[in-house]
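Student: Could you build the full structure based on these sequences and the hints that come with them?
Per the working numbering, the sequence shown starts with residue 4, numbered consecutively.
Worth flagging that the hints you see were computed from the coordinates, not collected in a lab.
Note that this is a predicted model, so its numbers are computed, not measured.
The calculated label-pair distances, taken between Cβ atoms and stated as ranges, are:
hint, residue 1, residue 2, range
1, THR119, GLN142, 33 to 41 Å
2, SER105, ARG56, 15 to 23 Å
3, GLU72, ALA140, 29 to 37 Å
4, VAL66, GLN154, 38 to 46 Å
5, PRO51, MET107, 14 to 22 Å
6, SER121, GLN155, 44 to 52 Å
7, VAL160, ARG87, 44 to 52 Å
8, ARG161, ARG87, 49 to 57 Å
9, ASP135, GLU90, 19 to 27 Å
10, ARG161, MET60, 41 to 49 Å
The beta carbon of each residue, even a glycine, is placed where N, CA and C say it ideally should be.
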Amino acid sequence: MGEGSELERAARAVNEARQEGDDDSGLVVVPFDDEGDQRHSDEEIEHPAKLIRIATMIQRLLVELREVELDEASRRRLVEIYNRSIEGLRDVLSDDLRNELSQMVIHRLAAEDPPTPSELRIIHAQLVGWLDGLFEAVQASIASQQLAAAQQQLARVRQQPALRPGRADAPEQGASGQYL
Numbered sequence: 004m005g006e007g008s009e010l011e012r013a014a015r016a017v018n019e020a021r022q023e024g025d026d027d028s029g030l031v032v033v034p035f036d037d038e039g040d041q042r043h044s045d046e047e048i049e050h051p052a053k054l055i056r057i058a059t060m061i062q063r064l065l066v067e068l069r070e071v072e073l074d075e076a077s078r079r080r081l082v083e084i085y086n087r088s089i090e091g092l093r094d095v096l097s098d099d100l101r102n103e104l105s106q107m108v109i110h111r112l113a114a115e116d117p118p119t120p121s122e123l124r125i126i127h128a129q130l131v132g133w134l135d136g137l138f139e140a141v142q143a144s145i146a147s148q149q150l151a152a153a154q155q156q157l158a159r160v161r162q163q164p165a166l167r168p169g170r171a172d173a174p175e176q177g178a179s180g181q182y183l
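Tutor: Written out as C-alpha cells, the structure is:
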C-alpha cells in the first residue's frame with residue numbers, strides 16, 4: 004500500500020478522534036505488527052527529547068528573528084547555531100529522515116559570508132516547517148496505532164465467550180443447578 008494512502012488513513016484517524024473528543028494525551032503507543040512483535044520502522048527518532056529541545060530552540064530563534072534587527076555579528080552567530088542544530092538533528096534521526104532533512108534544508112551555511120536577515124528568516128522558517136511536519140506525522144502515526152490497537156482489543160473482547168451475570172467463570176456443561 005502506498006505511503007500517501009497510509010498517511011491519509013492516519014490523518015482521517017486523527018480527525019475522527021478529534022471530532023469524537025478523544026483526549027489521548029499521556030498515552031504512549033509502541034508499534035506492534037499483526038503477530039504482536041514489536042515493529043521496527045525505518046523512520047525512527049533515536050532521542051525524541053533532544054529532537055524536541057532542538058526544535059523548540061529553532062522555533063524560538065525564528066520568533067526572535069522577526070522581532071529584532073540583526074547586525075553582521077549576530078547573523079554569524081545564528082549561522083553557527085543553525086549549523087550545530089542541523090548536526091544535532093542528524094544525530095537523532097534515522098537514515099530515512101536524515102536523508103529527507105538533507106534534501107529539504109540547506110546543508111551548511113558559511114559563517115564568513117552570513118546570509119541577510121531575510122535569508123535567515125526563510126532558512127529558519129523552512130527548517131521549522133519541516134520539523135512541524137515531522138511532529139504532525141508522528142502524531143498521526145500514534146493516532147493510527149492507537150486506533151489499530153483499540154480495534155484489535157475490541158476484536159479480542161468480541162471473540163471471548165459470553166459470561167452469565169453473577170459468575171466469574173464460564174458456564175460448565177452439565178451443571179444442573181445450585182448446591183447448598
